[in-house]
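Novice: Kindly produce the complete structure, drawing on both the sequences and the hints.
2 protein chains.
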Amino acid sequence: MAMDAAAEVDHLAAERAAARFDVEEMKVAWAGSRHAVDVADRMARLVASDPVFRKDNRTMLSRKDLFKDTLRKAAHAWRRIVELRLTEEEANLLRLYVDQPGYVDLHWGMFVPAIKGQGTEEQQQKWLPLAYKFQIIGCYAQTELGHGSNVQGLETTATFDPKTDEFVIHSPTLTSSKWWPGGLGKASTHAVVYARLITEGKDYGIHGFIVQLRSLVDHSPLPGVTLGDIGGKFGSGAYNSMDNGVLQFDHVRIPRDQMLMRLSQVTREGKYVHSDVPKQLLYGTMVFVRQSIVADASKALSRAVCIAVRYSAIRKQFGSQDGGPETQVLNYKTQQSRLFPLLASAYAFRFVGDWLNWLYTDVTQKLEAKDFSTLQEAHACTAGLKAVTTSVTAVARILMKTVSQLASGKQPVGTMAYMGKVQYLMQCKCAVNTAEDWLNPVAIQEAFEARALRMVVNCAQNVSQASSQEEGFYERSPDLLEAAVAHIQLIIVTKFIEKVQQDIPGDGVKEQLQNLCNVYALYILHKHLGDFLATGCITPKQGALANEQVGKLYAQVRPNAVALVDAFNHTDHYLGSVLGRYDGNVYPALYEEAWKDPLNETVVPEGYHEYLRPLLKQQLKLSSRL
Amino acid sequence: MAMDAAAEVDHLAAERAAARFDVEEMKVAWAGSRHAVDVADRMARLVASDPVFRKDNRTMLSRKDLFKDTLRKAAHAWRRIVELRLTEEEANLLRLYVDQPGYVDLHWGMFVPAIKGQGTEEQQQKWLPLAYKFQIIGCYAQTELGHGSNVQGLETTATFDPKTDEFVIHSPTLTSSKWWPGGLGKASTHAVVYARLITEGKDYGIHGFIVQLRSLVDHSPLPGVTLGDIGGKFGSGAYNSMDNGVLQFDHVRIPRDQMLMRLSQVTREGKYVHSDVPKQLLYGTMVFVRQSIVADASKALSRAVCIAVRYSAIRKQFGSQDGGPETQVLNYKTQQSRLFPLLASAYAFRFVGDWLNWLYTDVTQKLEAKDFSTLQEAHACTAGLKAVTTSVTAVARILMKTVSQLASGKQPVGTMAYMGKVQYLMQCKCAVNTAEDWLNPVAIQEAFEARALRMVVNCAQNVSQASSQEEGFYERSPDLLEAAVAHIQLIIVTKFIEKVQQDIPGDGVKEQLQNLCNVYALYILHKHLGDFLATGCITPKQGALANEQVGKLYAQVRPNAVALVDAFNHTDHYLGSVLGRYDGNVYPALYEEAWKDPLNETVVPEGYHEYLRPLLKQQLKLSSRL
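Residue numbers (UniProt numbering), protein chains in the order written: chain F, 1 to 626; chain S, 1 to 626.
Incorrect hints may appear among the rest.
As the list makes no split between identical chains, a pair holds if one copy fits it or if it spans any two.
[Claimed, not checked] Taking lysine-lysine pairs in the BS3-like style, the calculated list, with each CA pair at most 27 Å apart, reads: (1) 370 - 401; (2) 316 - 233; (3) 552 - 527; (4) 55 - 202; (5) 596 - 233; (6) 510 - 126; (7) 133 - 617; (8) 617 - 370; (9) 527 - 421; (10) 541 - 421; (11) 64 - 621; (12) 552 - 370; (13) 621 - 133; (14) 68 - 596; (15) 279 - 495; (16) 68 - 621; (17) 202 - 316; (18) 116 - 126.
Simulated from the structure, these hints should not be mistaken for laboratory data.
Specialist: Given below as structure tokens:
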């Protein structure tokens with residue numbers, strides 16, 4: 001049960017009773033283990049029951065009050081973590097359920113990992129204990145006003161001064177102002193700052209430096225440091241609790257040993273030297289951050305789908321005869337064709353996220369042993385799954401490279417192993433004859449493999465006709481993007497199929513996941529039908545059969561839909577949505593919430609006497625100048 | 001020139017100089033006439049130059065302050081309209097450029113039209129002068145907490161009491177509360193309220209009634225009337241200036257003559273009688289509202305595209321060699337493949353909106369002459385173009401009906417005339433052999449006609465196999481939706497082709513519009529390639545040629561992109577975007593804006609002493625209970 005309080009009536013009880021599977025076991029399948037369910041449940045309830053963590057008033061707070069509330073929650077969360085002696089796992093979950101972006105996210109998620117990954121042993125011993133105890137608060141100052149994804153284009157400089165054994169950190173232009181770092185605007189005392197290292201007159205490119213920004217006595221910015229918040233953000237203010245910041249340096253000096261020196265050092269004399277630690281270690285951090293983003297995406301989607309499915313089961317519209325009750329919106333096929341693919345996607349992303357997590361662990365272990373064989377693939381897969389355009393190029397490039405090496409007999413491995421079947425996949429014919437044939441995972445897998453491979457091969461052929469490879473990549477980049485997306489969708493489908501082929505305990509749990517796996521695959525097939533037809537992987541008739549089958553699958557998902565979102569085990573506090581309440585008692589709650597708006601503090605609104613009454617009474621004063 | 005102030009440097013000057021067409025003439029093509037350009041320009045500047053209408057601080061105002069600001073702007077706009085004796089056209093444009101949703105939108109856009117459309121001559125003579133002079137403020141109270149699109153499901157009752165010659169307006173349930181009407185929450189004195197008319201114990205369904213809600217003396221709600229605002233809305237608060245409201249009636253009495261009686265009346269004795277005015281007249285209003293929504297969509301898209309194109313020309317990322325300047329984001333093919341179809345869509349929607357406007361005028365004239373022949377099509381087309389799911393069913397139904405009548409030899413007309421070529425379109429083969437062949441409007445038009453018709457015919461066959469037509473419609477509704485979308489896209493493409501076949505003055509203007517027309521059509525073809533291939537309208541090879549051609553078209557659009565969005569003639573005030581500034585001077589403006597956030601009023605944030613300092617000093621007080 002994921003309810004915050006005992007509800008008098010469960011308006012979704014009939015939906016829950018109709019489900020044909022064991023919801024408790026599905027929670028285990030979703031969370032990964034019984035332990036994971038239990039600890040998450042405990043932390044979610046701890047947060048939901050604590051009045052300091054209330055967030056239903058969040059949209060009504062001014063920016064300043066919201067920020068103050070964020071500081072309060074962060075301090076209170078830390079207090080509870082200390083008091084209850086929470087484990088790291090528990091503490092992370094507690095922060096997750098507090099569900100209000102703030103400086104602590106960057107402190108734990110970026111500042112500490114940067115020092116761990118890029119700092120020497122000595123640097124770690126000096127700085128990490130301070131960070132662990134919150135004696136300093138850190139953020140990650142990379143992005144600049146004029147420079148985002150292209151880290152090599154950053155303009156901030158760190159010039160070594162051998163006279164004083166210091167680096168001089170400086171912002172030479174307006175566009176070099178650090179811009180966006182979370183926690184920077186108001187909260188952080190320190191930052192890992194990325195800047196161009198200049199020593200002996202030479203620019204050695206971007207390196208990280210630990211820089212103190214604010215006084216530990218009174219929190220005022222140190223001399224030469226200009227700090228501020230960059231202002232409100234889009235999206236109903238969900239991210240306005242964060243003090244994303246702007247930062248400028250005017251020749252700020254830091255000791256030489258605050259350069260993060262694990263990979264390279266500047267000596268007392270100003271010589272730039274590489275350590276024997278391989279540079280690739282840095283990519284491990286990027287793989288970690290990206291796999292977290294995929295996990296976060298799955299979580300965010302599961303919350304949205306949970307709200308949408310529950311409300312669609314409560315909301316009724318049309319379909320009544322002579323004033324009888326209207327039809328639940330969730331019963332409409334058009335609504336199902338929108339929601340159920342998203343429901344299936346939430347599960348699909350969850351399972352591919354698990355796999356990415358494994359991949360990260362595997363890469364890390366191999367990196368420690370200086371085995372870089374899987375790093376490039378992990379880099380490409382996480383970038384692709386993160387689905388940021390610029391990074392998707394990485395996927396496209398590795399695909400082009402793999403295809404070009406097929407002729408030489410080099411067997412691709414990992415997620416690209418299917419390309420080894422190039423002869424077969426280039427000419428295979430889909431064997432589907434009936435709609436039910438599409439329930440066969442072999443048919444689905446082969447169609448997705450053939451589609452991805454044929455698109456990749458097409459791209460490779462087109463690129464090879466250009467005057468240069470770079471020119472070919474430039475001209476064909478939209479096609480490369482589509483091929484990369486096909487490859488990534490194949491991975492998601494494959495990992496989902498692998499998941500449902502495992503033993504999964506609980507009545508009906510495996511069957512539900514099989515349905516969702518088929519919904520996901522056949523929905524993607526329908527959405528990208530042009531790809532499958534253009535490459536001749538399936539026939540129009542087979543495409544129509546897939547569409548017919550997905551309609552049948554929707555009918556099977558329908559009675560289980562509410563229970564399938566219950567299995568996410570989200571508390572009402574975490575969902576933060578009247579429409580998505582566990583008990584479905586939407587309308588009275590919606591009505592009650594409305595009256596809390598500040599605009600309802602007075603019956604006659606402020607401004608009536610100045611701006612409405614004169615209008616209504618035809619007493620508007622005209623301008624004197626007329 | 002659409003600049004608010006003289007800029008010192010035009011950072012987009014090079015882009016503008018590279019354009020190969022007459023921007024001033026393109027403004028005329030976009031706006032519809034030289035007069036339209038001039039009057040819009042005059043009103044936009046009037047608003048932009050008036051400090052009362054500033055809106056750059058809007059996101060920083062609290063809900064109450066924002067609402068008060070909206071009241072102020074509305075009063076000031078009315079003052080200017082009166083002072084300057086603006087025409088109706090000028091007044092409408094002035095309100096458009098004030099660009100802050102508020103009660104006046106509903107007063108002029110819904111309250112007045114409802115009385116005009118549904119009121120008798122006497123009712124119009126009584127109420128319209130009051131509304132025209134703002135002696136009353138009106139809104140449109142239809143939607144209820146539990147009932148949206150399905151108007152026939154509304155629960156509010158209006159029961160005739162023959163003893164007092166009054167209607168008793170009542171909200172029998174919580175879900176019958178009026179919910180969402182703009183201007184209702186705080187500003188309106190009156191509303192057109194939709195309620196179930198009950199007389200002589202019989203329910204005659206939904207009718208409109210003019211109901212006074214607030215005292216004209218002190219603006220307090222009248223007895224039996226509960227009024228409030230429904231609270232903040234999603235979307236960065238763009239709509240929080242509007243007082244969307246909640247309204248409940250507790251047996252509120254109104255005189256019988258406040259029922260809107262143009263179509264039907266209740267007599268002094270309580271008899272329900274129809275007038276001889278045909279019911280279809282009501283649909284005219286819906287057609288009008290929907291065509292406004294299409295026009296608004298085009299306007300909104302043009303603003304977004306203008307901002308995105310300008311910023312993409314300013315923003316640089318990657319592509320530099322050895323620290324040289326980076327590449328304009330607008331030069332990336334992937335960016336072009338995202339932005340240029342939207343740029344083309346803005347123009348496409350603009351021209352189909354013109355056509356809808358003509359259609360509305362035509363329908364209205366025919367309705368006056370009691371000719372209902374084109375009403376159904378206008379209803380379906382506007383609903384489809386409005387693209388609201390529930391209403392798209394209307395499109396699908398008229399398509400099914402038209403197809404089913406083909407066998408009887410009935411020739412379809414209007415936008416469905418192409419279905420008369422059923423024999424040809426069901427078996428025609430696309431003649432495209434080269435990428436350039438796709439520049440032929442005949443080839444495009446035929447492919448879109450064949451695709452739409454074949455999808456409609458497929459649906460009709462599938463629906464006919466169901467046990468009943470209703471069952472077939474229900475089961476096949478996602479397919480019907482896709483067929484309806486194909487039909488609507490055909491209309492948009494057709495109207496764009498018709499537009500560019502007209503004489504269009506100005507150097508290069510016609511050529512640019514031809515490019516955009518082709519971009520729009522070939523982009524849709526690529527996006528929905530599955531439809532075109534599955535129905536055999538084109539071959540995979542022809543699909544690849546279309547994709548190749550669209551890439552070439554992007555290269556032709558690229559040097560004209562900034563000038564093409566300049567042609568929308570949006571002022572900086574109207575755009576309200578630092579990123580979309582006319583002069584492209586983005587970074588200093590962004591930097592300057594940031595400091596205005598209330599969070600930057602103090603260097604050390606509020607909450608530091610309570611929540612940050614104790615944390616940093618390890619002095620967090622633990623709970624006493626531990």
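Novice: State for each hint whether it applies.
Specialist: Verification of the hints:
Taking identical chains as interchangeable, the C-alpha atoms of residue 370 and residue 401 lie at most 27 Å apart only when both belong to the same chain, with a minimum of 23 Å there against 69 Å between chains. Within a single copy, residue 316 and residue 233 get their C-alpha atoms only as close as 34 Å, which misses the 27 Å cut-off; across copies the closest is 22 Å, which meets it. Within a single copy, residue 552 and residue 527 get their C-alpha atoms as close as 17 Å, and across copies as close as 26 Å, so both meet the 27 Å cut-off. Taking the closest pair of Cα atoms, residue 55 and residue 202 never come within 27 Å of each other, the shortest separation being 51 Å inside a single copy and 48 Å across copies.
In this homomeric assembly, residue 596 and residue 233 come within 27 Å of each other (Cα to Cα) both inside a single copy, at 24 Å, and across copies, at 13 Å. When the C-alpha separation of residue 510 and residue 126 is checked against a cutoff of 27 Å, the pair qualifies neither within a copy, at 50 Å, nor between copies, at 69 Å. For the homomeric pair residue 133 and residue 617, the shortest alpha-carbon distance between copies (10 Å) is at most 27 Å, but the shortest distance inside one copy (65 Å) is not. Taking identical chains as interchangeable, the C-alpha atoms of residue 617 and residue 370 are never at most 27 Å apart, the minima being 82 Å within one chain and 41 Å between chains.
Proximity of residue 527 and residue 421 under a CA criterion of 27 Å is satisfied intra-copy only: 26 Å inside one chain copy versus 29 Å between copies. Taking identical chains as interchangeable, the C-alpha atoms of residue 541 and residue 421 lie at most 27 Å apart whether they share a chain (25 Å) or sit on different chains (25 Å). For a Cα distance limit of 27 Å, the shortest separation of residue 64 from residue 621 across copies, 24 Å, qualifies, whereas the shortest one inside one copy, 36 Å, does not. Taking identical chains as interchangeable, the C-alpha atoms of residue 552 and residue 370 are never at most 27 Å apart, the minima being 50 Å within one chain and 46 Å between chains.
Proximity of residue 621 and residue 133 under a CA criterion of 27 Å is satisfied inter-copy only: 15 Å between copies versus 63 Å inside one chain copy. Within a single copy, residue 68 and residue 596 get their C-alpha atoms as close as 20 Å, and across copies as close as 18 Å, so both meet the 27 Å cut-off. Taking identical chains as interchangeable, the C-alpha atoms of residue 279 and residue 495 are never at most 27 Å apart, the minima being 30 Å within one chain and 58 Å between chains. Taking CA atoms no more than 27 Å apart as the test, residue 68 paired with residue 621 passes between copies only; the shortest distance there is 18 Å, against 42 Å inside one copy.
In this homomeric assembly, residue 202 and residue 316 come within 27 Å of each other (Cα to Cα) only across copies, at 25 Å, whereas the closest approach inside a single copy is 69 Å. For the identical chains of this complex, residue 116 and residue 126 are intra-copy neighbours only, at 11 Å inside a copy versus 78 Å across copies, given an alpha-carbon limit of 27 Å.
When the structure is compared with the earlier hints, violations turn up for hints 4, 6, 8, 12 and 15 and for no others.
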